[in-house]
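*Asks:* Take a look at the letters that make up each chain.
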Amino acid sequence: MSVNFLISQAKNIQIVIDENAAEIEALDQNIGDGDHIFNVQRGLKLVVELENDIKNLPLQKSLNMIAMKVLSGIGGSSGALFGTFFMSMAKTPDLDKNIDFNKACEMVITGINAMKERGKADVGEKTMMDVLIPVSEKLNELKSGNMDMKKGLSEIIKIAEDRMLGTKDMLATKGRASFLGERAKGHIDPGARSSQLIIDTICKSLINK
Amino acid sequence: MKKFINNVDDFLKESLNGFGKAHSDIIKVNFEPNFIYRKTKTKEGKVSLISGGGSGHEPMHGGFVGHGMLDAACPGFVFSAPTPDQMQAAAEHVDSGAGVLFIVKNYSGDIMNFQMGAEMYSGKNDSIITNDDVAVEDSTFTTGRRGVAATVLVEKIVGSLAENGGSLEECKKLGEKVNKNSGTMGVAFTSCTVPAAGKPTFDIGNDEMEFGVGIHGEPGRKREKIQASKTIVNNMLEAILDDLKPQKNEKTLLFVNGMGGTPLTELYLVYDDACETLKSKGVEITRSLVGNYCTSLEMQGASITLLKCDDDILKNWDSPVHTAAIRWGM
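Sequences listed follow chains P and E, in order.
Read in order, the letters of the first sequence are residues 4 to 212 in my numbering.
Read in order, the letters of the second sequence are residues 906 to 1235 in my numbering.
None of the hints are false.
Subject to a maximum C-alpha distance of 30 Å in a straight line, what follows is the list of computed DSS-like cross-link-like pairs (lysine-lysine):
#, chain 1, residue 1, chain 2, residue 2
1, E, Lys944, P, Lys72
2, E, Lys1104, P, Lys48
3, E, Lys1220, E, Lys933
4, P, Lys123, P, Lys64
5, E, Lys1220, E, Lys1078
6, P, Lys64, P, Lys146
7, E, Lys1029, P, Lys123
8, E, Lys1085, P, Lys119
9, E, Lys1130, P, Lys171
10, E, Lys933, P, Lys72
Treat the hints as calculated values from the structure; they're not laboratory data.
Okay, chain P solo, but in the shape it has when bound (with noise of 0.2 Å):
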């Protein structure tokens, strides 16, 4: 992982999302209030207009300025979630060194935990939560085990996949959607929705490298 690695998967998400907008609003307004995707449209775009500032930083200086820019810039849960992700991640040590593929995953990995404490929310509950959780046990597996790093990111694909296409019949028990109780099931939830995009826009990129 490297700052340049960061702002070219941005772009990347950027471009799927905005593609996705339509389908994540109709979600939310199912059952939240609709901000989600501007939350996240809005963070994207800060986040690739950091480029200049950011490209010739070490990591953890720029992953604290993309955590300071989310945090401040987003606002919802979603700001406080992924600004608490990029704030983590900057925070994994050694990250002066050369980043390869156990680190990366070790990071994502203090990222996730960290967004999970702070929405003190676990699988089961209709929220992001309910993808970024396994998706981060599925690589601390591949950190520690010798699987090939291709195959394990498309079984991270199909997890996030599933995942996502499982919230749907759920009852939300955190976030907006808890409000609604019965009424919460038969829609997919829209953070689980584009965190599975977010996730699966990462994971392709890198197997097609």
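Let chain P serve as the given structure and place chain E on it in line with the hints.
*Replies:* Showing chain E alone in chain P's frame:
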């Protein structure tokens, strides 16, 4: 979408600009990070109250900054929680040495962002979470009830105690009491349109209403055919009384709040119906508030809040206040 907009991206900034100009005798607006604060800095040793939340609920919260209520308010984008740097900057700006009390409505985004703001602020601080909406079932397994119109009452009553020298602990305790003594139920006839979305948040038929609606247009308990005001009000009050269970002849404050698109004439009619229903149930109304205080953009509808009052609450309700939206006694 028909709204007064120049450019969607400038919506909040231009609205805050206007607010600052219109109320320059009471408040000032700081941009980047955005917060509204009292023009005259609060006296040394007074607990500072800071609230905030998504925009679109005006006059909440900026309209409640001033003597006897808030010291600062942090507006987020429309219906999106404000960011931690806003709370941190506002706290640093207004803290007068007695600590900062954050008043937060119970939504995941608000809670997380306020928590992070509180962690980033090095001074003494504490928080109250409001969750007065009886439309949502409370349970330890869920996010719980929403914080809605009673937040206005909490800000007024705790604001008075802070102005009169209450400590951070005392202010928090009173705020929690007011929240616990309040119940709110809302009804919507129409949806609202978030400027960035450009279309209504939900669809609703011409003859329908959403019973138990949230202040962001979140669905409530059920979708029903519209009925006579007396019936609607009676059903709203029943839900509130079920939850609050006031004693016979217990003193209460009755607050009829407009969602933004319903005229005052109708809100007073609702107040009249509510008085009649409460009288028949032996509930004594000793204070009132009627108007648009905790709105949902242009949504048509209203909420009713009932607050059980003891002498302490009444004294702090009656004390002088001077803000853009609420002013009496000075």
